Every structure is written in structure tokens, then in C-alpha cells.
Amino acid sequence: MEIFHNLWIGFQVAVIPINVMYCFIGVILGTLIGVLPGIGPVATIAMLLPITFNLNPVAALIMLAGIYYGAQYGGSTTAILVNIPGESSSVVTCLDGYQMARQGRAGPALAIAALGSFFAGCVATLIIAVAAPPLAEVALKFGPSEYFSLMVFGLVAATVLAHGSLIKAIAMVLLGLLLGLVGTDVNSGVLRFTFGVPELSDGIGFVIVAMGMFGTAEIISNLELKDQREIFTSKVTHLYPTKQDLKDSWAAVLRGTALGSALGILPGGGALLASFGAYTLEKKVSKHPERFGKGAIEGVAGPESANNAGAQTSFIPMLTLGIPSNAVMALMIGALMIQGIAPGPQVMNEKPELFWGLIASMWVGNLMLVVLNLPMIGMWVKLLTVPYRYLYPSILVFMAIGVFSLSNNAFDVLIMAIFGMLGYVCVKLECEPAPMILGFILGPLMEENLRRAMLLSRGDPTVFFTKPISCGFMIASFILLVVVALPAIRAKREEVFVEE
Amino acid sequence: MKIKSPKDFWAGVMFMGFGLFFMIWAMIYYQMGTAVRMGPAYFPTVLGGLCALLGGIVLFGSFAIEGPPVPEFSYRPLILISVGCVLYGYLMKPLGLVGATAALVYVSALGGHEFNWKEVTILYVILMAFSWLVFVKGLTLPFPVWPDFMGG
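Protein sequence lines, in the order shown, are assigned to chains B and D.
Numbering-wise (the numbering used here), the first sequence opens with residue 7 and increments by one.
Numbering-wise (the numbering used here), the second sequence opens with residue 15 and increments by one.
Any given hint might turn out to be false.
A short, non-exhaustive set of chain B residues, derived as facing chain D with CB atoms under 7 Å [what the hints assert, rightly or not]:
no., residue
1, Pro23
2, Met27
3, Ile339
4, Met343
5, Glu436
Between beta-carbon pairs, the in silico distance windows are [to be verified]:
no., chain 1, residue 1, chain 2, residue 2, range
6, B, Asn60, D, Ala143, 57 to 63 Å
7, D, Trp131, B, Val489, 54 to 60 Å
8, B, Asn60, D, Gly47, 40 to 46 Å
Hints in this document: simulated from the structure, not taken from any laboratory.
These numbers were taken from a predicted model, which means no experiment stands behind them.
A virtual CB, placed ideally from N, CA and C, is assigned to each residue, including glycine.
Take the sequences, apply the hints, and build the full model.
This is the structure:
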């Protein structure tokens with residue numbers, strides 16, 4: 007059994023004390039930022055990227071991955087106890103989790119969220135181990151036209167899954183692609199859109215854009231709201247769910263895991279979409295849909311399992327194709343490149359200890375989370391009493407240090423501030439930043455592959471439709487677009503996101 | 015013509031502005047090339063054109079479909095947070111970590127709802143100590159700690 011052999015290699019790497027330590031740091035940090043509203047995994051991972059330069063690649067990836075799935079655990083704690091989603095993927099957990107807390111059932115809600123997440127995490131780890139090798143095999147045969155079509159498909163999927171207007175989301179992708187082209191053109195050496203600024207000749211750093219759009223913009227938006235938090239600390243008494251709770255939720259955990267794993271693999275997917283999807287599904291299949299929003303445990307179990315499963319399976323396209331499916335994965339690719347590893351299907355064969363070590367560490371990390379988190383809930387809740395007016399200057403200091411240390415240049419910090427303002431304007435105009443970020447990363451890659459494909463085909467654009475795999479991606483993108491543009495489905499899509 | 019959806023109107027203007035800018039700039043300054051050998055202008059021209067086109071559709075739609083108004087901007091946090099970050103970057107070399115962190119913490123704290131000199135000063139001292147310990151001592155990042163005139 008090759009998969010067991012591979013996982014065995016992975017576990018040998020994952021249990022090395024130093025890797026266990028970085029995994030631990032990652033999941034604790036992840037939980038911490040998951041608990042704290044106003045700072046998400048994207049900004050945190052971006053802040054830590056410069057630091058990972060000094061680590062070995064396996065430890066760096068293990069830690070960064072831990073932050074992402076750790077944040078899914080932490081986000082649910084805040085959602086249940088305070089009715090504030092610590093993470094955007096925990097928005098739906100507020101609906102029923104907070105109601106359960108108000109009824110004095112905060113303990114079981116937290117426990118089922120943690121246990122469901124643990125189960126989902128284990129299953130998702132297995133799915134990655136099974137699905138990744140054959141996918142990488144196929145990806146090794148990809149030429150430029152296949153890669154280009156795959157990226158088109160990824161971007162289309164990202165717009166379809168974004169909420170709000172479809173046209174605006176596509177326009178945001180295009181804007182991202184354009185901004186990604188700033189810098190030296192690889193083919194001709196021409197400096198594009200640099201306006202004589204030497205710092206721009208290497209392009210705008212992705213980390214800087216991510217911190218501006220997701221970090222400073224978020225802080226500015228948060229400062230508009232007044233601090234208002236109501237905490238149910240005293241009510242977390244009995245932690246263990248009753249038999250009835252378990253009976254009600256096991257099926258929801260299974261469904262959430264399945265749906266989350268599937269949605270996580272999709273480009274543009276990941277934890278956020280998975281949790282929304284799972285909540286809608288639970289409401290659909292329930293015999294008593296009227297209980298939802300009034301403290302139904304399925305409404306916590308489903309989405310919480312789904313967001314953790316989705317967070318983990320979203321590693322699949324990144325690890326096998328070298329293509330990020332969301333902003334967090336783009337940062338992971340950034341981390342690999344800092345280490346001098348070109349992301350793509352060859353990583354699995356060339357660096358099996360990195361690939362399988364990362365996967366096995368996810369299982370280790372999930373175990374740590376479930377063991378550590380339940381007893382530590384009290385501490386996390388204390389943390390929430392720290393007012394935002396202390397938190398946001400601290401976050402700003404860490405972001406500014408992180409950006410400045412990238413190249414010891416004040417210009418980078420200026421760029422971050424500019425993207426912060428752009429991000430704030432986008433929020434006001436209801437334009438989602440996530441599709442833009444995806445376009446930004448894929449911009450140069452897409453141009454490169456488009457040029458190569460056209461060169462190989464001697465300028466014949468039909469090449470994207472005559473090769474079977476490439477044609478498949480193009481047709482899939484087209485169908486997705488048409489389907490979403492249909493009025494009936496559009497109404498459904500809006501309904502899913504209106505739940506918040 | 016009356017603007018029915020201000021949010022879409024301004025979003026449309028933004029996309030058209032960016033799209034046209036990239037397209038026209040690329041067409042003027044860079045080489046177009048051919049489909050076989052694409053020049054540096056090819057991809058941005060096509061993308062910019064598409065972006066402007068979609069912006070135009072959104073803009074056009076804002077006259078036809080009713081939509082919500084643009085929510086009020088809070089200029090105070092917007093300006094103070096951005097200025098704080100920029101100051102941090104540009105003060106790092108002349109004033110060192112001590113001065114840059116002070117600028118960022120005090121200016122950004124002014125962007126919040128309440129400002130209390132004592133609280134902010136305590137926060138500043140803690141953050142300063144933490145940055146120094148973790149980034150300068152721990153990770154040995156080459157930041158100047160003290161202002162230039164005090165001997166770096």
C-alpha cells in the first residue's frame with residue numbers, strides 16, 4: 007500500500023520535535039487570531055512570511071498551515087460565546103452557536119464544534135493523501151495551454167463563489183490581473199507601469215497587497231463600529247454534549263465533512279464557502295428547519311466540520327498543480343518560493359519529506375487543537391475582553407514591521423497603506439477583494455502561459471479548444487458562468503450569502 | 015438620467031478608470047507585438063479593455079437598476095491609519111525603531127474612538143519592548159533601534 011508508506015514517511019517527519027514545536031506554534035497562533043475578530047489568517051501568514059525565511063522549508067510550511075486550520079477552531083469559539091465571528095468562515099456558526107450559549111449550552115456547542123472539526127480534519131488529511139498523487143501525475147503532463155485554461159477556470163470559479171455582483175467580481179479579477187503585471191516583463195525586459203519608480207521594477211509584492219487589502223482595510227472598517235461585546239463566560243459549565251446532542255449532530259458532521267472537502271478543492275473555495283454551504287444544506291435536510299437560528303446543534307456541527315475540511319482540502323490544488331485556490335494558499339506558494347522551491351506537481355517527487363510531512367503534520371495539529379483547546383477555552387475568552395483600541399495599534403505595528411523587513415524599504419509600507427485605502431473603498435462599493443487577490447497572483451503566470459501556448463500554436467487561438475484537457479477546463483468555465491448568470495440560480499446564490 | 019444605484023455607479027467609474035488607464039498607457043508606451051509573439055503591451059491592453067468594458071456595463075446598469083447608496087466614509091480612521099503606517103516606514107531610518115513605533119502607535123490611536131495619553135503610552139512601551147525583543151534580538155532583523163543623531 008503506497009499511501010500508507012507515504013503517510014509513514016510523513017509521520018516520521020511530522021513527529022520530529024522541532025516540527026512538532028512549529029506545528030504547535032502555528033496552531034496556537036492560528037487559534038489566537040481565530041478568536042480575535044479583526045485579524046484573519048491572511049494577514050497573519052503574510053506577517054510571518056519574512057520570518058519563515060530563517061526556518062527550514064518543512065517547519066515553515068507546517069507552521070503556516072497550522073495557522074490556517076487553527077484559525078477555523080478559534081473562530082468558532084468567538085462565534086459561539088460572543089456572537090462575533092472571529093473568522094469570516096464562522097459567520098454562520100453565530101446563528102445557532104450563540105443561541106445555544108444563551109440557553110446555557112455553550113459547552114456542548116464548543117465541544118461539538120471541536121470534535122466535528124477534528125473528525126473533518128482527519129478525513130480531509132486522508133483525502134489529500136489519496137487524491138494528491140494521481141492529480142500530480144496528470145498535472146505533470148500539462149502544457150502551457152492546459153495551464154492557461156486551468157487558470158481561467160480557477161478565476162471563473164473564484165468569481166462565481168464570491169458574493170455580490172458577478173460582473174463586479176469579474177472586473178475585480180481583471181483589476182488584479184492588471185496590477186499583477188506591474189514590474190519587469192519577463193519576455194522583453196521592458197519595465198511596465200513602473201512610472202520611473204525603481205522599487206516597482208520587481209513588481210508589487212503580493213504580501214504587501216494582501217496586508218493592505220485584508221489588514222489595514224479591515225482595521226479601518228472595524229474602527230467605524232463601536233466596541234460592543236457581550237460575553238457568556240460564566241455559563242460555560244458542562245462541556246460534554248449529551249447523548250441527544252451527539253445523536254442530533256453526527257450526521258451533520260458527516261455531511262459537513264463531505265461537502266467541505268469537495269468545496270475546498272474547488273479554486274476560489276476553501277473554508278468560507280464550505281461553512282455557508284454546509285449550513286444551507288443542514289437547513290434543507292432537517293426535519294425541523296424551524297429550529298435553525300434558535301440553537302440547533304446541527305447548525306454548529308455541520309458548518310464547523312465543513313470549514314475545517316475545506317481549509318485542509320484547499321491545499322490539494324496548491325500542492326499538486328502549484329496553483330493557489332485562495333489567498334492563504336497564495337501565501338503558501340510565496341513561502342515555498344522564499345525557500346527556493348518552485349511549486350508544482352514535481353514537489354511531491356522531488357521533496358517527498360516536505361509534501362508528506364506537511365500532510366501528516368495536519369493530523370498532528372488537529373489532535374493538538376482538540377486536546378488543547380477545550381481546556382483552554384477560558385483563557386481564549388479572557389483574551390476577548392481586551393478592547394479593540396489596544397489590539398489594532400498592535401496589529402498595525404506587526405504588519406508594518408513585517409512589510410518593512412521584506413526589503414528594508416519604506417516604499418513597501420507606503421504601498422501597503424495605498425492598498426489599505428483601495429481595500430476600504432472596495433468594501434464601501436461592495437467589490438470583493440478576494441477575487442482581485444487571486445487575479446493578482448495569477449496575472450504573470452497567465453500571461454507567461456498564454457504567450458507560450460500561442461507561440462507553440464503559431465498564433466492559433468483554437469489551441470485552447472482542440473486539446474482535450476484544456477477544452478474541458480474552458481467548457482467547465484463557460485458552463486459555470488452561464489449557470490450562475492441564470493436568474494433562478496442567481497437568486498439561490500444570493501440567498502446562501504444573505505444568511506449572514 | 016438619474017443615478018439609481020450610487021454604489022454601482024462609483025464601482026463602474028473605478029473599473030473604467032483603471033481599465034482605460036492600463037489599456038491606453040500600454041498602447042502608447044509598449045510594443046503590441048503579434049498574437050504569435052506577444053509584445054509587452056498585448057496582455058494589458060486586452061485585460062484593460064475588458065475591465066473598462068465591464069466597468070461600463072456596471073456604470074450603465076446603475077442608471078437602470080435601483081440600489082443602495084454608498085455608505086458614509088469615516089475619514090478619520092482612514093487617514094490616520096494610513097498616515098501612521100507611512101510615517102512608520104519613512105521614519106525608520108532617521109528615527110530608528112523607537113521613533114517609528116511611537117509615530118505609528120500614537121497616530122493610529124488617534125484614529126480610534128477614544129484617546130487616552132496614559133493608556134497609549136503604556137501600549138507603546140509594551141509594543142516597543144516586544145518588537146525589540148522578538149525582531150531585533152530574536153530574529154536579528156537589521157533595524158536601527160535609536161534615532162540617527164543618538165548614534166543609531
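Here's how the hints hold up against the structure:
1. Interface restraint check for proline 23 of chain B: the shortest CB-CB distance to chain D comes to about 20 Å, outside 7 Å, so the restraint is violated.
2. Taking 7 Å as the C-beta contact cut-off toward chain D, the hint placing methionine 27 of chain B at the interface is violated, the least distance being around 15 Å.
3. With a cut of 7 Å, the hint placing isoleucine 339 of chain B at the interface with chain D is violated, because the nearest CB-to-CB distance is about 21 Å.
4. Proximity of methionine 343 of chain B to chain D is violated relative to the hint, the smallest CB-CB distance being about 20 Å (cut-off 7 Å).
5. Residue-level restraint check for glutamate 436 of chain B holds (minimum Cβ-Cβ distance to chain D is 6 Å; threshold 7 Å).
6. For the hinted restraint 57 to 63 Å between asparagine 60 of chain B and alanine 143 of chain D, the CB-CB distance of approximately 22 Å leaves it violated.
7. Distance hint check: the CB atoms of tryptophan 131 of chain D and valine 489 of chain B are about 58 Å apart, consistent with the given range 54 to 60 Å.
8. Range check, asparagine 60 of chain B to glycine 47 of chain D: Cβ separation about 42 Å, and the 40 to 46 Å hint holds.
Hints 1, 2, 3, 4 and 6 from the earlier list are contradicted by this structure; the remaining hints agree with it.
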